[in-house]
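This is what each chain is made of:
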Amino acid sequence: MTSEEIRDLWSRFLAGEELSPEAQRTLVDALDGDPELRESLLENLQLDGVLHAMSATRRHGEAFVRTLTDCLGAEHDATRFIRKVESRLNENPPPPSAPPATGRRNKSDTTRIFRRRSAASAPGETAWKPALIAAAAFIAILLLVMSSTGQKRPSPQTARQVPTEPKGPPPPPPKSAPEEKPISPPPVPPAPDPLIPQSKPAPRDVPPETPPKPQMSEEERRKLDEELKKSIVPSRAPKSAPVPGPSVVATAPAPTIVERVDGNVYITRGKSDKVRLNKDDVVPVGNTIDTYPSNTARLRFGDGTWIEIGGGSSFREIAAPTATSGRKVFLASGTLESQITKQPADRPMIFATPTGEATILGTTIRLTVTNDPKPATTLEVKEGKVLLTRYADRKAVEVITDQFAVAAAGSDLVPQRWFDDEVLVKFGPSDVPLKKGWVLDSGEEFDPKRGYGWKGPREGELVPGLTWRDGQGKIWPKRAGRFAARRTTDPAADPLRTTDIVAGWANQSETWRMPIPNGRYLISVCCGDVSYEQGPHHVWVEGVQIIDQKINKAGLLVEVLNVPVEVKDGELNMVVGGNPGPKKSADGSTDTCINYLLIKRVRK
Amino acid sequence: MLKEMNVDDPEELLEQSRRGSTQAFAGIVRQYQSRVRAYLARYVRDRDAVEDLAQDTFLLAYRSLASYRGESSLGVWLIGIARNVALMHVRDQARRRVRETEVLQAALGRWLTDAIEKDAARLTDRDQTLRALELCLQELPEHSSALVENYYFKGRTAIEMAREQGKKESAIGMMLLRIREILGRCIRTRMAETGAHA
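Each protein sequence line maps, in turn, to chains P and D. For the first sequence, the tail end lands on 616 under my numbering, and the numbers increase by one without skipping. For the second sequence, the tail end lands on 216 under my numbering, and the numbers increase by one without skipping.
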């Protein structure tokens, strides 16, 4: 294995790629055998870590300080609490009715203490104190133990992982102490915290003859109870995250769960820890999900909202909903579909992309991000009303049920008619009977309300120097433009194939357009005059030549099925006619007769 | 309290911290967290674990302030604690990486353990590495600088960047590796100029 191949494997490993066991072993063997290269690549890995660390400091350095300060504050609180308990204990010796000084309690003792505690408001009642003090001391000791062993609360990122065993004793001193530059001994193992006095066990032996002391008032007991509650704090605050305010804690949302994974889908935790995503995984906020082409995943949020991430997409949840703001997700590339549960009016859910954002209160949408030839966001609204904002100029447009819009710099941000996944455009006279899923085009100029049509008027300009001869031998000037034709009077004839639009007169080309969402489509086209030899027919869709100089014979049509094309500018364009060569049909014409155009969306 | 202190003066922050001021200790954390985190991140790949270990380092330091006698700089003392914390973590992780699918992680744990053990005599150098890196980043060519900024500081993934630039993810990974090699050479040069070792 060459050095370059090793470096390639190493770079893939550092970028978070999961190497196969064979590749891992090859890499390990190579690096074990070449200490110099290993040293170099380890340095590279270390710099990778340092750069990530610089970024972490920049992003949440202050939150880190706050978290740490809170931890220290909690320790101080625990210390103060223990001191207070000790102080109260000295001030209020246990009552004469307490058990004898055996150091152990039997069942009846416990029962008695509980009973007395529950009736603590009765005048002269004091027996709740030993139980409370014992509980307080136990909690305080527990806090200290947890604190000294570095036990952590599970973070959101590790919520589903099997809990690791508690850390062992603090790290031992280094094997070899620094010689050139002596330093103070690192504080391991740590001595007992000088700031936190060692807790003393609550006295269990109570002399029966001790005279009763003044009872703790209800108010005092309430305060002590409150302090007890306050003292139950984690020894470690959640790592690195800003300390949430009370309102956030109170409205902590349910986790986002992976409902379905279809194929290769990965989740990147942090920056580079990329692992395969599995069904039922919890997806923490900030983690990126990447789907391979044709592979998908479906997430469900706690409020019932679901998101289906399409193939070749990159998605992450930026912010969970809080008491003051709604959920925000980011689609960096690719496609998603979502059904959003009704959101609070003041906290809409936001779908952000590199070029815009959709603000949603509750609806069913499809969102697509494309970057070729320029970054664009396509929003389709199946149901509801969505505000789509374009970042480039902050222009916004409302997209309602059965509409879509494309947000891209330099493009019209206007709502368009919803595009079903499959549409057949039937070209022909205006009285052609239509079937479900068909739309009729009779050669009219484009109309935004209709949602499709031709560029330029139906009857175009005169074409200089060109004429045509009618049946009586009369010569007419030729015009650009289109006309509809019916090739048979048989009422039983299939209208799909017996009617058409004739376009592209005299080698002119005509363009038909239909705004549709960006994405991949399969195109089928049928051309020809079923009653007569016509052609050569020419059709391009989105720059892809579908029919190239084909001449149909009478009774036979030219039909090309399922040619893949990609729409990148929010509009499907079909160019017909424009015969480039000398090829002509039997009568010398060069028109293109188009019968139908079938547009099928590719979902993955 | 803190308003009366010179928050830039480590000595004063240290003195106040020893007297129990968590606010003063917060000032120390602000000043040194980048160096501690950077040191830990040299040996610990898991970003969340780095945050945990940084917390451990500072908590240990706070509880042991009495043992700090000022024979080395505060930064070097903190790096010394971080080194021990990292060593324990890496050893622990290496023991766990025994599965067939984690051959590389297991080997990495072994190599990094060796590297940390050798670090004992180089804590001062390690404390200076971050500053050298900051200077070297400023010397990167524009394109490389943008790549580093996007990947490390803006949180873009290699997949996203590859899509935007019409390249393969592996190509982005290789470009980043080469940039880090350049930075490594630059750091060594700068450290040599000051008599230190990268």
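Certain hints may be false.
Straight-line distance between alpha carbons at most 25 angstroms, and here's what the computed SDA-like set of lysine to any residue pairs gives [what the hints assert, rightly or not]:
#1 D/LYS185 - P/ASP581
#2 P/LYS467 - P/ALA504
#3 P/LYS386 - D/ARG48
#4 D/LYS172 - D/GLY184
#5 P/LYS447 - D/GLN156
#6 D/LYS172 - P/LYS562
#7 D/LYS172 - D/ARG48
#8 D/LYS172 - P/ALA496
#9 P/LYS562 - P/ALA496
#10 D/LYS186 - P/LEU54
#11 P/LYS580 - D/ARG48
#12 P/LYS397 - P/ASN307
#13 P/LYS595 - D/GLY184
Computed far set for chain D versus chain P, every beta-carbon distance over 12 angstroms [said to hold, decoys possible]:
#14 PRO28
#15 ASP66
#16 GLU160
#17 ALA164
#18 GLU178
#19 GLY202
#20 ALA210
Hint data in this document are derived by calculation from the structure and do not stem from the laboratory. Every residue, glycine too, gets a C-beta built ideally from N, C-alpha and C.
Just pull the numbers of the violated hints for me, sorted ascending.
Numbers 2, 3, 5, 6, 8, 11, 12, 13, 15, 18, 19 - these are the hints that the structure violates, sorted from lowest upward.
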